[in-house]
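For reference, the chains in residue letters:
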Amino acid sequence: EVQLVESGGGLVQPGGSLRLSCAASGFTFSSYWMHWVRQAPGKGLVWVSNINTDGSTTTYADSVKGRFTISRDNAKNTLYLQMNSLRAEDTAVYYCARRVGSWFDPWGQGTLVTVSS
Amino acid sequence: QSALTQPPSVSGSPGQSVTISCTGTSSDVGSYNRVSWYQQPPGTAPKLMIYEVSNRPSGVPDRFSGSKSGNTASLTISGLQAEDEADYYCSSYIGSSTWVFGGGTKLTVL
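Protein sequences, first through last, are from chains F and D.
Per the numbering used here, the first sequence starts with residue 1, numbered consecutively.
Per the numbering used here, the second sequence starts with residue 1001, numbered consecutively.
Source of the hints: derived by calculation from the structure; they are not laboratory data.
Just so you know, not all the hints are guaranteed correct.
With a cut-off of at most 30 Å between alpha-carbon atoms, the simulated DSSO-like pairs for lysine-lysine come out as follows [said to hold, decoys possible]:
1. F:43 - D:1047
2. D:1068 - F:43
3. D:1068 - F:76
4. D:1068 - D:1106
5. F:43 - F:65
6. D:1106 - D:1047
7. F:76 - F:65
8. F:65 - D:1047
9. D:1068 - D:1047
10. D:1106 - F:76
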């Protein structure tokens, strides 16, 4: 079964850092681009970042550029999102998703990040 | 990049059909046949329902269909069932390895 499981969320103060992980199983992780998408409480989905198969190419939404870094470890079948200089508006559930063609499937269950003092 | 425009809510009775629109621009929806749709029941992760405008993944009922005209994509759900009640999101590739989502539509089955 293809599965993605996020972890690493929690409560962090404004200006702080957090690293999210996404453990993949059931498919050849190194063959797929991977993405992070977030959803603020009661709000819609927002695309955050993606990374190519070998980690050499990354792209970010303007709202996180320069603060977030996406990376992957294909030997560990794990995707990461390093989040620095966190702001209240970064509070959200963060989902990782596998990209197949131009669509996202499947999605992980999400991990909640709360930025508050 | 601004979010694609979806109606905040739609509703229908069991057995009826509803259509959810997703309006973008000539730079996103209008430029690419890379529109996908996701269903998100409350408290759960999004699930792929339609990819590349009108293709249905295995396991998705054929009551779900997608189309596109110009800068607007649409998701139609026919033979509405109570289990279809959820939030629905469209997504489009917008070039340079970036994507955008719609604001989401809450479907209520009356």
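(request) Check each numbered hint from earlier against the structure, then list the numbers of those it violates in ascending order. (result) 3, 10
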